[in-house]
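S.K.: One-letter residues, chain by chain:
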Amino acid sequence: MAHSEAGGVMTVEVQRYRPDVDDTPRLVSYEVPWTQDTSVLDALNYIKDELDSSITFRWSCRMAICGSCGFMLNGEPKLGCEQFLRTYAPGPLRIEPLANHAVERDLVVDLEPFMTKLAAVEPYLHPDPTGTPEPGNLQTPEQMTRYGQFAACINCMLCYAACPQVGLATDFLGPAAITAAVRYNKDSRDFGNAQRLPLLDQEDGLWPCTFVGACSTACPKGVDPAAAIQQAKFAATMDWATEFVMPHHGAPGAKDGGHA
Amino acid sequence: MRRWAGRTNEPLFWGLFGGGGMVSVFLMPVLIVIFAFLVPFGVFGGAEGTYETMHGVLTNWFVALVLFVVLALVLWHAAHRFFHSLHDLKIHPPEIVRVVIYGVALLAPAIGYSLFLVEAATS
Amino acid sequence: MTGAPTSSPTGPRPEDTRPAPARTLDVGRLAQADRVARRREEGTGAGDGTVSQRNPYRPTMKRTWFLATKEYRAYFLREGAAVVVGLFVLNLMLGMVSIAAGLDSWTWWVDLQRNPFVLVLNVLALAAAVLHTVSWDQLTPSIIKVQRGTRFLADGWIIAQQVLLLVIFAAVMVAWLGGAWS
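Residue numbers (this note's numbering), protein chains in the order written: chain A, 645 to 904; chain B, 0 to 122; chain C, 256 to 437.
Among the hints, erroneous ones may be present.
Here are the simulated DMTMM-like pairs of lysine to aspartate or glutamate, each with C-alpha atoms no more than 20 Å apart in a straight line [to be verified]: (1) K89/B <-> E326/C; (2) K89/B <-> D848/A; (3) K89/B <-> E847/A; (4) K692/A <-> E675/A; (5) K400/C <-> E786/A.
A few chain C residues that don't get close to chain B, going by computed Cβ distances all over 10 Å [claimed, not checked]: (6) A380; (7) F407; (8) W412; (9) G434.
Derived from the structure by calculation, the hints contain no laboratory data. A virtual CB, placed ideally from N, CA and C, is assigned to each residue, including glycine.
Based on the provided sequences and hints, a complete structural model is requested.
M.R.: Rendered as C-alpha cells:
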C-alpha cells in the first residue's frame, strides 16, 4: 500500500433510522479521520463520541469473537471490528444494518427471530437416554473432528444477512441454526438427532436452501454453514429413504452412520 | 412414514435432483460433444457408420431402459432447479405449475421409452 | 443429569443431587421471545403509553436481488444452465427413438443437429453442461467428507474422482464409436 494511503479523512455513510420519527431509513454522511489501524467499529465510535451521540449500534469485544458488530459494509456482511477503513480507501464507505433483518434503530436489528430459531434446534447435548455417560463424557480427537469445524460459530448472523433465501422466506431456519443442529447431531456425546429431525426435515427447515453458498463466503470464522446444510439434507434424505423402505424401523439418526 | 407439521416429500425430490446432478457431471459434456458435434460432422463415419455401431446395442430393451432412466434423472435435475428459480424470482405459482414442471421430467422419458419400444419392435 | 441412577460406578457426583432442570423449552430466552411476540400481536407496543417505542423497519428483497453481487449472479447462471442441459436431454431422447426406428430416421436426427437453430442450442447446451460440471465439482467436496483420523480427505481427491469418471466415460464412448469393438 502506498504511504500516502496510510491515513486521511474518509466519508462514511451510515444508514440512520429513528423508529419514533422516520418512515424509512436514510443515509447520513460523516467525515471520519483514519489511520492504518482504524477499524470500522473505531469509525462508528468516533462518530458517536465526536459527531453525533444519537447514533445507535451494537458492539462489545473488538476482537471478532462476540459477534455483535455485524454490519453491511458497501453491501457485504462483515464484522465492523475486523474490517479496516484502509481497505475502503479513499471511500466513501457505506455502513448499513444487516440485510434480511428488521431494523430497530440505526444499525441495530431485531435478534429475536434468529434467537428463536437457534433455541428451537436444541443446540446442547442430549444425554444417552439408555444410561449415564462415562465419567467425564469422554471423546476422542477423531470424534471431535467430525463436528469441530461447525462448533466455531459465534452467532454473528452475517450468514443470515448473506443468504438470499432468508430474505425470500423469513421463516427459513437459516444457516447458523441448521449448522448448530448439525454440530450437535455429529457429536458422539449427543443423542438428540431424532428430536431435531422434524425441525430440519420440513418446509421451513432445510429445504428453502438452494446452496447459493453466500453464507460460507460471509462467515468470519470459516465455519462453512453451506456444507453443514447440504450434509443435513443428505442425512434427512437417508432417514426418509430408510423410513420409506422400512416404515417400522427404529428411530432415525441413530449414532451408527457416518452422517448427521 | 412418520408425519409431522410441515414435513414434505422434499427428501425424495432432492435425492433425485442430487442423483441427476451427479451423473450429469460426467455424462452430459461427453454426450453433447459426441452427439451434437462429432457425430453430425462425420467424425465417426456419419449417420451410417454410427448406426452400424450403435443400433444393435441401443435397441436392447434393458440398455435403453437404463439410458432413459439416467436421462430422466438429468431432466429431473433441470426441473428441480427451474422450479426453485421461480421462487428465487418471487414467483409463487399454483401447485399445478409444480406438477407440470416435474411432470415433464417424468412423462418425457416414459413417453420416449414407450415410443422407443414401439419403433424397435416395428423396424 | 436427568434420571441418573444413584449407583453410578464413581458414586454420586455433587451436581447430581440438585433437582433436575425442567425439560421444557418455555424458559429464559424463548419465554422472552414469546412475550415480545405476544406484545406485537396485541398491539401493546409503541404509542400506547408503554415505554416501548418499537416500530421496526422491515426491508423487502427486490425481485432483481440475484444481480446484486458476483456470487449471486454466478449462482443464478448455474441454476439457469440446468434448464438448457434439460433441453438437450429431450433432444437426445428424440435421437434414441430415431435410432430405434431405423437408419432413415437416425439420418434425419443426425442431420437435424446441423440445423443452425439446433446447432446454436447445442453450443449453449455444451457451455451449460461444462458450467454445471465445474460448479458441481467445486461444491461436492463440502457434501462428501471422508474423514481420516483427525483430518478430512483433501477436496482435490473428491474432485479428481469426478474428473476421472468423466475421462473414463469419454474414452469408452470414443473407443466404442471409433470401432474399437467392431
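S.K.: Could you check that no beta carbon of chain B comes within 10 Å of the beta carbon of W412/C?
M.R.: 15 Å, holds
S.K.: For F407/C, is the shortest CB-to-CB distance to chain B above 10 Å, so the non-interface label stands?
M.R.: 20 Å, holds
S.K.: Starting from K89/B, check that the Cα of D848/A is at most 20 Å away, please.
M.R.: Answer holds: K89/B to D848/A is near 16 Å, not above 20 Å.
S.K.: Please check whether the beta-carbon of G434/C is more than 10 Å away from every beta-carbon in chain B.
M.R.: 7 Å, violated
S.K.: Holds or violated: K692/A with E675/A, Cα cutoff 20 Å?
M.R.: 12 Å, holds
S.K.: For K400/C and E786/A, compute the direct alpha-carbon distance and say whether it is at most 20 Å.
M.R.: Holds, at roughly 13 Å.
S.K.: Confirm or reject: A380/C is not an interface residue toward chain B, with every Cβ-Cβ distance exceeding 10 Å.
M.R.: With a cut-off of 10 Å, A380/C comes too close to chain B, as the shortest Cβ separation is near 5 Å.
S.K.: Decide if the proposed pair is consistent with the structure: K89/B and E847/A, CA atoms, cutoff 20 Å inclusive.
M.R.: 17 Å, holds
S.K.: K89/B and E326/C: Cα distance at most 20 Å?
M.R.: 19 Å, holds
In terms of the numbered hints stated before, the structure departs from hints 6 and 9, listed from lowest to highest.
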